[in-house]
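Visitor: As a plain string of letters, each chain reads:
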Amino acid sequence: MLDKEFNEEDVLTRAAQGDRDAFGLLYERYLDRIFNYVYYRTGNLHDAEDLTARVFQRAMNHIKNYTDRGVPFSAWLYRIAHNLVANWHRDRSRRQEIPINDVPVLPSKGDHPERNLVRSQEESTLLKLIRRLPPERQNLLILKFVENMSNAEIGKIMGRSEGAVKSLYHRTLLSLRDQIGDQHISLDNE
Amino acid sequence: MNKLKTTLSDDQLSALEAHLAGTLKPVTPPMEIVQRLRNRIHFPERQVIVLRLRDWQRMFLVFGGVMSGMLVMITVARAFFYLMRRHM
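These protein sequence lines are chains L and R, in that order. At position 189 of the first sequence the residue is numbered 189 (the numbering used here), and the sequence of numbers has no breaks. At position 41 of the second sequence the residue is numbered 41 (the numbering used here), and the sequence of numbers has no breaks.
With the rest of the complex left out, here is chain L (with noise of 0.2 Å):
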């Protein structure tokens, strides 16, 4: 019902001239996705909300700034979110903190909401060796796969080329084909 409504250039307008309901459409459009990505980057449901809360906080206070030079508000917004997260990972090696690697389990998109799935043994492994590879390989996998994006749409956020994006994922695939050779997943097809 929402959606039938959401004109984005029209409500951007509108959010721009300093309309809460307005940015309060584009936060419910937006919110799951930059919650799945800050949440996958930090791999921490408690700093996922906060850096959650203060990317639609940043955007709010500079969304008269936002100008669309072909750069879609999502990009902007998913720019807001890396350099939020970005920030974090650098606070968090100063302060020399533990890092955790196991992202707590919440219910995706397709289960039971009621039921928590168990992550298996090797989504976990997966999951560990992602969050060992560089930030922008990160985000390429988050946006390939929870997002659902084409390398255009992720070229778009990581300001590359079609092209540079495509190279960039095959180049991340054989390093964690690499990685995954020293752990127990197999690649074998069923």
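A few of these clues could be false.
List of simulated lysine-lysine pairs, DSBU-like, C-alpha gap at most 35 Å [unchecked claim]:
#, chain 1, residue 1, chain 2, residue 2
1, R, 25, L, 156
2, L, 166, L, 64
3, L, 64, L, 156
4, L, 128, L, 166
5, L, 64, R, 25
6, L, 156, L, 166
7, L, 128, L, 156
8, R, 25, L, 166
9, R, 25, L, 128
Beta-carbon label-pair distances, calculated as ranges [what the hints assert, rightly or not]:
#, chain 1, residue 1, chain 2, residue 2, range
10, R, 58, L, 62, 28 to 38 Å
11, L, 161, R, 17, 39 to 49 Å
12, R, 84, L, 17, 51 to 61 Å
Derived from the structure by calculation, the hints contain no laboratory data. Even glycine gets a Cβ: it sits at the ideal position worked out from N, Cα and C.
Fit chain R to the supplied structure of chain L, relying on the hints for placement.
Guide: Leaving out everything else, chain R in the frame of chain L:
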């Protein structure tokens, strides 16, 4: 020294992508988190936003309803007086 292969076979590629798709699944933020975030950023409830946006539709319906009601009442009153006059 082992030389790392710089290509992926189709089987490896599809197996790896299947693993990634199974691992990186979209999650739904718990409702309490959504609610806390909404309170923290001071956004109105989604339903309230929709209602506010639809205020003009509601006004249109109310206005239309009042006008239709008045028309029905006038028609009934006219019919009543017409019948009364015929009986007199």
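Visitor: State for each hint whether it applies.
Guide: Hint check results:
1. R:25 - L:156: holds, 22 Å
2. L:166 - L:64: holds, 33 Å
3. L:64 - L:156: The given pair, whose Cα atoms are some 20 Å apart, holds under the 35 Å limit.
4. L:128 - L:166: holds, 23 Å
5. L:64 - R:25: holds, 33 Å
6. L:156 - L:166: holds, 13 Å
7. L:128 - L:156: Holds. Residue 128 of chain L to residue 156 of chain L sits at ~27 Å (cutoff 35 Å).
8. R:25 - L:166: Given pair residue 25 of chain R, residue 166 of chain L holds - Cα atoms ~21 Å apart, limit 35 Å.
9. R:25 - L:128: holds, 15 Å
10. R:58 - L:62: 28 to 38 Å: At 34 Å between Cβs, range holds.
11. L:161 - R:17: 39 to 49 Å: violated, 22 Å
12. R:84 - L:17: 51 to 61 Å: Holds: the Cβ-Cβ distance is about 60 Å, inside 51 to 61 Å.
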